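When you get a sec, could you build the whole thing from the sequences and use the hints?
Following the UniProt record's numbering, the numbering of the sequence shown begins with 1 at its first residue and continues without gaps.
Check each hint, because a few of them may be wrong.
[Said to hold, decoys possible] Quick list of simulated restraints, FRET-style, between CB atoms:
{"hint": "1", "residue 1": "Ser175", "residue 2": "Pro205", "range": "21 to 29 Å"}
{"hint": "2", "residue 1": "Leu41", "residue 2": "Phe163", "range": "34 to 42 Å"}
{"hint": "3", "residue 1": "Pro222", "residue 2": "Thr75", "range": "33 to 41 Å"}
{"hint": "4", "residue 1": "Phe163", "residue 2": "Phe18", "range": "32 to 40 Å"}
{"hint": "5", "residue 1": "Glu4", "residue 2": "Pro188", "range": "15 to 23 Å"}
{"hint": "6", "residue 1": "Leu218", "residue 2": "Glu77", "range": "38 to 46 Å"}
{"hint": "7", "residue 1": "Asp56", "residue 2": "Glu4", "range": "13 to 21 Å"}
{"hint": "8", "residue 1": "Tyr54", "residue 2": "Gln158", "range": "31 to 39 Å"}
{"hint": "9", "residue 1": "Leu228", "residue 2": "Thr75", "range": "43 to 51 Å"}
Read the hints as simulated data drawn from the structure, not as lab findings. If you're wondering where the values come from, they're calculated on a predicted model, not measured in any experiment. We treat Cβ as the ideally placed atom computed from N, Cα and C, and that holds for glycine.
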Amino acid sequence: HAGEFDRVAELAERFPGFVLPCLGVHPIQGASPEGRRSVTLQDLQAALPLIERYEDKLVAIGEVGLDFTPRYASTDEQKEGQRQVLIQQIQLAKRLDLPLNVHSCSAGRPTIRLLQEQGAGNVLLHAFDGKPSVAMEGVKAGYFFSIPPSVVRNKQNQKLVRFLPLENICLESDSPVLGPVKLVRNEPKNIYVAADCIASIKGIPVEEVIEVTTQNALRVFPKLRNFLRL
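This is how it looks when you write it as structure tokens:
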């Protein structure tokens, strides 16, 4: 939410070339579990001036998307509010020529279809929990899907990896959550766990997974090339 944006910018300044900022309005708002709720257009309006303040430093707009988990979005009004917030952020990303980092919990098909309808360009769908058949609609649109270390214990994620072309896969840690061991704090270093699991599922060397997913990440986030020695 917008209250965290200045902190993100401060971290990027403190660790230049290592912390690379993305800003966006998440579909679920609220700092504490009991205070979480579906996003509104008012949340977006509060955030837009801050996004524009930092736009030159951003590598992407995100994390944005749709979350139709019933306890957060049980009504058509709440779902439509999320759609409108996402539409405006897709258009913002297009205007700023930035990729989108997209959340799609319990809303895989609606998210991908809305992205397509709005002409979204570079898209990374993070921790996608939809059906592989729905993910393939995203593949046809040129979208990328990032796989977290929790893939080692998630049969649905493993099925998704089997279906996805390696050319559409990126790696993510999503720390401190989605680690290889449930309820144990995840760490960025566990990104290798995801790479190793993908290699095992696809029957290819882990070095190939690392190389291809790195190139994929550079395609979806082209500004990364400014910070890496390649």
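Verification of the supplied hints:
For Ser175 and Pro205, the hinted distance range of 21 to 29 Å is satisfied, since their beta carbons lie about 25 Å from each other. Distance hint check for Leu41 and Phe163: the Cβ-Cβ separation is about 35 Å, which falls inside the suggested range of 34 to 42 Å. Checked against the given bound of 33 to 41 Å, the beta carbons of Pro222 and Thr75, roughly 39 Å apart, stay inside it. A C-beta distance of roughly 34 Å is found between Phe163 and Phe18, which places it inside the suggested range of 32 to 40 Å.
Look at Glu4 against Pro188: about 19 Å separates their beta carbons, and that is inside 15 to 23 Å. Between Leu218 and Glu77 the beta carbons are some 40 Å apart, a value that agrees with the proposed interval 38 to 46 Å. Between Asp56 and Glu4 the beta carbons are some 19 Å apart, a value that agrees with the proposed interval 13 to 21 Å. Against the hinted window of 31 to 39 Å, the Cβ-Cβ separation of Tyr54 and Gln158 comes to about 37 Å, which satisfies the hint.
For Leu228 and Thr75, the hinted distance range of 43 to 51 Å is satisfied, since their beta carbons lie about 44 Å from each other.
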